[in-house]
Each structure stands twice: as structure tokens, then as C-alpha cells.
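J.: These protein sequence lines are chains A and B, in that order.
Here this note's numbering is used: the first residue of the first sequence is 3, the next is one more, and so on.
Here this note's numbering is used: the first residue of the second sequence is 115, the next is one more, and so on.
Hint data in this document are derived by calculation from the structure and do not stem from the laboratory.
Don't be surprised by glycine CBs; every beta carbon is placed ideally from N, CA and C.
Just to be clear, a hint being listed does not mean it is correct.
To list a few chain B residues with every Cβ distance to chain A over 12 Å, as calculated [what the hints assert, rightly or not]:
hint: 1; residue: Leu160
hint: 2; residue: Leu248
hint: 3; residue: Gln284
hint: 4; residue: Ala383
hint: 5; residue: Leu396
To give an idea of the chain B side of the interface with chain A (calculated C-beta under 7 Å), a few residues [claimed, not checked]:
hint: 6; residue: Ala165
hint: 7; residue: Ala168
hint: 8; residue: Glu189
hint: 9; residue: Pro260
hint: 10; residue: Leu288
hint: 11; residue: Asp289
hint: 12; residue: Ile397
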Amino acid sequence: MKKPDVLKRLKQKSLAAVAAVLALTVVTASTVFSSAPALESPPPASSAGDNALHRMYEFIQDQLGLFYLTVREQWRQQGVPEAKQTFAIQAVDYTAASDESVVEKGHYAGKDSVLIWRNNRNNWIEYEVDVPETGLYEMVVRYHSYIDESDEAAVTYRPATLAFAWDGEFMFREARSISFPRFYRDTKPLRFDRYGDHIRPQPIEIGRWEDRVITDREDSYDAPLLWHLTEGKHTLRLQGFTPIVLEEIKFRPPSTLLTYEEVLAQHPQHANAEPQEPMEPIVIEAEEMHERNEVSIQILSDQDAFMSPKANGRMIFNAVGGNRWNDGGEQVTWTFEVPKDGWYQIGLRVLNHLQSNVTSFRKIMIDGELPFQEMLAFPIPYSNAWQQVIIADETGKPYDFYLEAGEHTLSMSVTYAPHKEVQVMLEEVTQELGMVSRDLQVLTKGEDDPNRTWDIKENFPEIPRNLINVQEKLRTMAELWLAHNGEKDSNYQSIMTAISDIDDLVEDPNSIPYKKDTLSMIQSKTASIHTQLTKKPLALDQIVIVPKGQPFPRMTANFWERTGNGVMNFIRSFSEENKLSANEEDVLNVWMNYGRDYVTLLQELADQYFTPETGIPVKVDLLPREELLVLANATGKAPDVALGISEGKPSEFAFRNAAIDLSQFEGFDELIQSFAPGSLLAYYYDGGYYALPETLQIKMLFYRKDILDHLDLEVPDTWDDVYEMLPTLQQNGYNFFIPTGEFLTFIYQNGADFYADDGLRTGLDAPEGFAAFKQVTDLFSLYGIDRQISSFYQHFRDGDMPIGIADLNMYLQLTVAAPELTGWWGMAPVPGIPGENGEVERWSGGNIGMLSQGLGGFGNAAASSGSGGQSSAMIMKHSPNPEWGWEFIKWWLSPQIQEQFGSELEGFYGPEFRWNTANLEAFARLPWTPEELEPLLEQWRWYKSMVNVPGSYFIPRELNNAWNRTVLDGMNYRTSLERAVMNINRELARKQTEFGYRDEKGNVLQTFRLPEVNRPWEGVEPFAGD
Amino acid sequence: MLGIETKPARPVLKARIGRLLSEIWRYRLSYLFISPFVIAFSIFILIPVIAAVALGFTDFNGMEAPRWVGWKNYEYLLSQDAIFLQYALPNTIKFAVIVGPGGYLLSFVLAWLIAQIPDQGRLWYVLAFYAPSLAGSVAMSIIWIPLLSGDRIGYLNSFLLSIGFIDEPQLWVLDTKYLMNSMIAVTLWSSMGVGFLAMLAGVLNVDKTLHEAGRIDGIGSRLQEVWLITIPSMKPQMLFAAVMAIVGAFKAGNIGVELSGQNPTPQYAGNLLVNHVEDFGLIRFEMGYASAVSVVLLIIIFLANRLSWKLFGSKGDE
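With the sequences and hints as input, model every part of the structure.
T.: Below you can see the structure in the form of C-alpha cells.
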């Protein structure tokens, strides 16, 4: 009966609200204009969105600059001519350098006067360039990668990267990172392990001088980069943080490339060339690479029936590539002999099956030169089986290559140049969608109020307009994609559904504020195609060269061969070594609680380095679930060494006399120098350390630059800063994220400790403990931090949680899976509390929550490092050869092996396999950018995990319960924590009785002698830059 | 017993054993046929149960050799284990009483309803109801965790907010008020397992002529038909389903941990006996005590099964 009344009131309310919002927008819009002095006359109010869009572009350009594609287009419109002259500067003639001590003029690799730049941190050198004539130039740099043979530890697989700034400015975004690859070959011949499988060969760097025509990092344009230089003197600054040896920088007019027809026209004899006499086809085995320019390009073993050589169920390397050969610019070179001059045709045996219906492109060069334009990006269509692809034109007519008798090289490099335009448009589209989403967020303040009626068309016309704009671009993208890919694939479908989703939105603009999910779906759909756009995997088995006119040999298996091979492979799968075999005698058995890929890699590394060095044979096995270790231990089948064990477990083994104290071994003290002392706490028991950390769980503060900038907020340094920014965030519908169960950070930062009385009872009932607990609970009950969210990553991506604390898995997710955010987010150390001397104390680390989970919580922690807290390496008590185990752990945790493991893992499987090693020396050498490394190192100083004593699993459990009582049930924080303290103490005492620290009556017999870490770790300093 | 029989009855005993062995030999083929089951049953059920009972009298930490402690574990369980008495036992009883009979009734009603559907469509409905029990925890994490997520974008919260039923998001799996109910709802959803299929088979198996005869004899409504004809003619299936439902209800334990993401569940609100066993066995490494608790759980399940035999046994006699 009251309903009409209520409705009426609601309607009135919503009207009032709309009016208020309108008034507010006008006010804010006008302030925006008045605060934008760059605009000469204030534009009409309706273009507020365009203005904001403009500002967003400016923001991004400030951050990164324009793409070369756009800049080149501008030059074309301005009519900048091509240069006619060639000139060069010598590398030794530099005019200034940021650090003279690392720059040396001298002799290197057969050349006399070259510049040896032993760079190890962010440095620059400058040249004065006198340009004779205004125009567009190509740049060619003659360089040699710097190989430091004196220092084994300094072996790096990273290509040198330099930024080129002219007169202090980057001409385009790509100029910020120009890469100078290193060249590698494999050790030959391939060696076998004792099962008859190939051992992955070690890459050996080839030191040679290279004339590099400067392209962008991924060689994604079909021509070298051009530089617009004006006549007169200019400064050229090269900036980078990797060592390199330079000889000369040459500038020359843009080169032109002939088409196939034009090339043929130059060879009049082609048309009436006589058919050559038949000969044996020239066969190049793809796995026998002469040279490759990226260490991550790897040979592989395929079980197909027609492979050459055939693998027959073994791990016999017989092809190259797959998804280890998919990034733009990755190039492989082979050599071959031609018996006599003549015209030849080339055929490939390839497999392009990793991305459904996506065409792969390769740039093909002979003797280092592109033979003709069509070879810039030769398409290889998708097929789920090995196929024969003959290098031919669109009609299927094979191209003829003229080869003189003698040795030649053939190079193929990954390219996605045909998709460059789509890629740039994608970038724009993601930016514009992000804009619309932020507009909406500001408009609705993050609330979904269904009672509010919007008049978007009238008041915010820019929202549907921007969407239609985006839709237009998407249409063009879809057409371009289809034209180059040739087939409709999932990417095409993603674009098409995004287009129809936008239709849904703009059809009824007034409902857009309620359809934010649709918008974020469109965002993720468009962003999802980014990877497939730029990754072009391809496996290559053979290259076959035949004289013109001679038919190619058969290159694919027929039905009977395939069937027979399939049956054989099935039978072979029952063989012994495919089982998690029993431990072998006289071998060091290592069980590893990571994924299969990690196990394979470690086995390869051990076979390559450890066994030859020490003579100790190693067998690495996958430990699929951690509780198996407990069970295996109970039955006496435990391995010698266990890796990847979660943070709390080694001490549980130690209490029960099932682990070995590592600190008794020789070399322990030297080894732990590169480990944060705080990270060792978790493995301490009774004067010894029963494990060492392999990976850490470092918590960082992640933030969205664009949104904080938009709200005019600074990245918080202390918790007080966080409290200050919260109102602004929340008024605008955003929020800060703190993971629930994150107690350690607050407890340590407030100066409390988990234990008192030397570990006999908990120290949480000290005043600092109460303060810490109050801080945690207040954040959730008073300051309105969300108490449960499904995924911070998703909220961060959507933009409604632009700032929050998470571990490094978040970093990986953002780098790998959120390409639309590239450059828009940053990392900072965790906020802290200023200490007595004014320094902000940022204690954090480990994952005590994992402790309370016990083994039951396992199974999902194995996938990647970090999610289960610190992962650890330990030696089991049962081990007959603990010294062997220690040798292995010492080798495994050494900086060289940790770094190599990390970089190979990343090289083989991609950046999402970043190895968060606990060895700082290795950690600092992983491919972080300086902006990433600096906050990470600051956080390393404050790394501190929890010591474990018998019964310590009760601490996180009871803290969780107390948090739940206070935040959800509203209990007073003091009462709640007191109850938790009581329960913890009871459990600790019970366990102390079990392990003989108290007698049956509860009298103390001995204490734990706990170590202390109270000062930031100084070991970080040598790695921190200035 | 042994003492009495050894001396005077030795020849008798010997003869008896001899007769037994010769009889076994005579029926060796039958023994051969049952041997696969007997061997598997002994290895996977009988021996573990005996081992658990034996370990229940020891102090065993999973790594060092067990130590005999007699009845101490049971004493502690009944006199000092506050979590067991305060949370695990009452929670388990509440959970089992609702999920067991509730799931049982639900499977009967659904089975009966589905039986009314024409043949072509029936398969799909059966599949739809049966699939959740197969999918297990994978489906749980995909469907229920986002559904019950405590933020605004959790499906349930989002729906209830949009119809105006609640003003702010509720923490369905963290709040102790809701956790148990969420667990019950999810378990009921996935409880249409083998028992449900058996019931369906039972309903479909009822002799059609009985229905016709009933109608001629003057059965008034479908309800009467169900009560007087369907249920009495499918009592073996009913019994089977009841046993399955009870065992299932007591065995379910991980659900609270998976939903709340915390082990043990917040304030032990969803701590069931199975969780209690895991807590002591795998977190505190007190396997002996955990075995004792699991023996208690075994006894409870056994008693509940006796009860269901009694219920359905008497009904069958009528």
C-alpha cells in the first residue's frame, strides 16, 4: 500500500541526484578547462570527453612517446625528403659520458680504436653529430657484444639495449629501446644421457662484429627505422645499462628493396634458363643452426613419424622453434653448400599448430640480404600437422633464387610486420576504452544505483561517441587482420564480438552506466588479441633446396606411417622412465615440488654442470604433492634433497628429527651472504637452519599511474599517507586493496613480535601487538577496505582498485596478461611506519597464512613460485649421503645457477616464468627494468619472515579468527586478541610438552634461543644504484 | 575359549580344520571368483581400518616411530578437546542432519519428477542433475566461489543488491553466520549422485500394471500413488540411496575450506569432523590422535547406517 509513495520518493531522489551530478560535472568541467592553460580558448562543454581523451593521450605520450608509425606518417605529410648523403661518426669520438671510469678507448676483438663500454648500471655517452643535409636517414651501428671472460659469474644472455636521444628527446617510442643482439651457437656434437636421450646443448656465444641496421626491438616494421635529422650540429645520447663495444655509427639514405619481378628483370637469362640436370636435393636440418641471435631460441624433439632424424620415443632433438621462436626479430641462420651456379627453389617442413588458424610470418634472407620484397614477411598458414611449405607466391608458383656455387647462409627471423597497423590501432583502442571506463567510474562513483536514471545522450554525449569511434577502429582492425591472416580465427571473433558488444551499449546509451561489466569485457577481449598479434611461433624440421624445375621430395608422413608411429608411441609410454620411479642407488635423488618444466630444466642444468664438476650423478623427480614427502618419509622412501617445499614445512620436519641442519656444513656462512637474513628465520630451529630459501614472497605496492594522476594522488610512503588518500579514493568509487590475512607486515612494522619469553609464549599481547592488531582491524572496519574480493588483479585491471598490496605474482600477471596496462602501472615498496630515526620501516615478507593451511592447503601452490610463501630446499635425514646433498644445494643456490635457471626458465617458457630467486645477487641480475628494481631492492632490505616453533601454525589461525570476530562480528579488538593469545599460548604449551620443552606438569625445561632480525639488511646496498 | 578347547578338543579341532580346508578346496572355483573383491577389499578398506584403529592407541607424528599410549587419545578427545566438542561435533551433526535426509528427500523428489518427463528429454535432465556430483571441487571453485564472493561483483551479492534485498555486500563464506548455510547449499547442489540415479532407476522400474491396478482400485491422487505404490516397490533403491546419502554427508568436509579459502574455516564455523581429522593429522602432525578421531567418525557413520537399515527394514515388512 505504501509502495507508490516509496516509488515517488525514489524518483524524486533520483532526479535530485541527477541534477546534483549535472551541476557537479559542469563545475568540474569548468575547473578542468581553467586548469589547462595549453588550450587557448575554452571549448564548448560538450567536448569535455574529447578534452579528457586528449589529456590522456598527452599523458601517455609524456610517458612513452608516439609510435614510429605515427611519426613516420607525420614526416610523410610534412614532406621530409630522403637523405642523399652518407656520413659516419667513430664511437671513440664521444664528447661526454656520465661515468668516464667504465668507458675505455682501446683494442677489442681484432679492431684497434673502438669504444669499450663496460656498463653495469644506467649510464650514457654523448656524441656531437654534424649532419650535412636535412633528411631521413637509416642508421647502421657496428658493434661487438661485450664478453667478459675474466668473470665467469658475469655471463649474461641479455642482449644489450640502448636508448637513442637526439638533443635530449626521443624521436619516437621505439628509440627508447634499441636492441643489439648477441649471437649463439650450440655445443656440438649433441651428448646423450644414460637413457639415450639427448642432453640439451649449452649455448656458446659467438664473438663477432656486426653491422646492425637499426630496427625497432621486435623488428616489427618492414623497413629499418628512419631518423629525421636536420642540417647542423646535434647531440646524440646513447643510454643503457648493459655493456657493449662500439666501433662506428653510420648514417645513410634509406635503402630500397626490389620486388621479385624487378629482380627477375635484372637477370635476363632467367626466362630462358635451361633446365638443370637433376641432383640430390640440398637438405638443411633445422636443428643444426649455424647461429641464432637470441638464446631462448631452442631446439626441440618431436615424435612425428616423418621427423628427421626420427625420435622413436626418445628425446632426440630434431627440429627448432615452436613457441621458443616466436618473438619479433628472433633470427636463426643456417649454412649450406651449393654445387653449381643456377636457379633454386626452397621448401620447408614446418609445423604451425600452436595458435589455431593464425598465420605465422618469417623474414627470409640469403647471405644476410633480403632477396626481394616478398621475403619481408613470408606467410606460413596454420595446420595441426607437419606440412610442406614451398616458398612461393600467392598463386603457388615457387620463387626462384639465383645461387652461385659455394657456401651460403640462409636466415629466417620472426616478424609480425603485416600486423603492425593493427597493433598500433589496438593500442589506441585500449587507451580509449580505458578512458571511457574511467569516465564512467567518475560518473557513477563506483555505485550501481539502479534507481538512478541517466540521460547520457544529452549530458555525456562523448561516451557513446567515443565508443562509436572505437567501434570504427575495431572494424578496420578486423578487416586488416583478415586480409593478412587469411583465415577467420579466434582473434577475429574477439574483435567481432567486441564490435557487437559496443552495438549493445550504444543502442541504449542511458543504460551504459549499468553495463560496466560489458565494457570491461570489451576491454579484455580486445586486449586478449595482443599476444597472438605479436607472437608468431613456428617449428621447423628441414629446409630443402632443389634446382628449379625439379620436384621436391615427399616431406609429410602418409597414413600408414602415422598410424604405426602412433601405436609405437602408445606402447613406449609404458616404459619404466615415464613413471615416478623408485629412488636409485648411488645417485643423488632430488624431489622437486614445482611444475614438470622446472624439473626438466633442473635435470638438464645438473647434467650439464653439476655432475661433470663434482662427479655426483643426480636424478630429479617431480614431487606432485607436498604431503607425499611426509608419507614417503614415514615409509623410509624419502629422497636425499627436497626442493620447492613451502615455508613452514622444513621446521616441522626439523622438530621431528627428519631434516638435517644445514648450518653444520662447510660453506654455509659464505652461501647465506646473498640471502636476506629475514628470509632464513623461517627455517631456524634449535640453533640450526634446516633449509634455505629458493624463492621469496616479496610484497609490493602496485598502483595505476593513470588513475592516481587523474585523482591527483601521490604514491603513499607510510600508512598515514594511505589514510590520507583513502577518502579521495573512496569518494570517487575507488578503493585500496590489502589482502586479508596479512598480519605479519603490521605486526613487524609496529615493533611487535610473534614470540615472547624466547618462544615459549606469544608476544602479541604486548602493547605493540595490540596496536598492530588494531591497525589491521581498523583498516577493514573503520577505513572501509574491502573485506573480501575475488581477485585484486581483476579489480586492478578494471580500474576500481587502482592501488593495493600484492606479491610478485601480480607483477607477472600484469606483465603477461594485461598488455593493455603496459606502462600505466608501477610498483613501490610497501607503505611503512616511520621509525625513531625517521626512516620508514617497511617490514614485510613470507606468507604466514600458508602455515595455518598445513598440507591440506597444498596442491595449488606448486604451480609457480611465491604463492606458497617462500619455497625452500632441504636435506632429509634419511639421506645416506648428506654431503652430496649439501654440495647440490650449495651449487643450486649459488648466484650463477640461480640466475641461469631463472633466465633459461624465462627464455624457454616466457616471462610469466620469472624465477623470484631468494639469492639477491641472482635476483638483481634478472631482466628487471631500473624502475622495477629500485623499489624491489628497497623492499628486500625489509624482508622478514616468521620464526617457527612447535605449534606456531596456531598464530595465523587464531589471528584470522580474531580478525573475523572483530571485523565481522564487531567484537572489541582487545578482547578478541586476548582470546586469540590465550588459545595460541595453550597450543604452544601443549606442543612444548610434546617435544620436551616442558614436562607433564608444564614446567619449562628449555627454551628455543630464537634469532633476531631488527635492522634492515645491508647486503642490498651493493646492488642499489644511485 | 582357546584354553578350554586346546587340550581335550584338539583332535576335534584338527578334524574341523581339516574339513574346512577340504571344503574350501572343493569350492575352490567359487573362492577364485570372489578373490578379486576380497583382495581389493582387504587391501584398500579392511587393512587401513585396522591400521587406523591400531594407530588410534598410539602417539604418532608421521615421521618418527609410533609410541603406544593406550586410551589417552580418546580420553583427551572426550575431556579436553574443546574444538571437537564445541565446533566439530555440533557442526557435523547439524550438517549431516540437514544434508543427509535433505539431500535424500531432494533426490527422491527430483527422481520422481524426472521420471514423469518423456523419455527423450529425460536423459538431459538426469545429466544436468548428476553432473555436479561428478565435477567435484573443480566445478566448485569455478561456479561457487565467484557466486558467493563477498565483494560487490560476486554474483549473489550483485543480484541481491540489484533487486534491493540487501544494502551492502554480504560475506557469504567468511561471515560465521552464513558459512554453514553456504556449505549446506553447495553440498545439496552436488549431492545428486549415485543415490539419485538408483532412485531414478527405482521409480522407472515400478511395474506399470501396479499403477493401473491401483487406479482401478480407486487411488485418488498422485501423492497416494507415490506413497502406496512407488515407495513400497522401490525400497531396495531407497535403502541404497539412504546409505549413500549418510556416508556422503559425513564424508563431506573440504567444502568449507574450499569456499572460505581458509583452513580451518573462520572461527571454526564450518569445521566438520573430517576437517578435525585433517587438522590434527596434516597440520599438527598428530596422526595417532587423528586416527582416534577418524575411528569415532567411523562409529558415528556405522550407527547412522544401522538407523537407516532399521527405518527402511521395518517399512519393507509392511
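J.: Determine for every hint whether it applies to the structure shown.
T.: Results for each hint:
1. Leu160: Per Cβ check, Leu160 (chain B) is outside 12 Å of chain A; nearest 20 Å; holds.
2. Leu248: For Leu248 (chain B), whose nearest Cβ neighbour in chain A is about 19 Å away, the distance exceeds 12 Å, so it holds.
3. Gln284: Gln284 (chain B) not clear of chain A: closest Cβ-Cβ about 10 Å, inside 12 Å.
4. Ala383: 9 Å, violated
5. Leu396: 4 Å, violated
6. Ala165: 12 Å, violated
7. Ala168: Violated. Min distance 15 Å.
8. Glu189: Violated, because the Cβ-Cβ distance from Glu189 (chain B) to chain A comes to roughly 14 Å (cut-off 7 Å).
9. Pro260: Status holds, d = 6 Å.
10. Leu288: At about 6 Å, which falls below the 7 Å cut-off, the nearest Cβ of chain A leaves the hint on Leu288 (chain B) intact, so it holds.
11. Asp289: Holds, about 5 Å.
12. Ile397: Constraint on Ile397 (chain B) satisfied, holds at 3 Å.
Checked against the numbered hints above, the structure violates hints 3, 4, 5, 6, 7 and 8; every other hint is satisfied.
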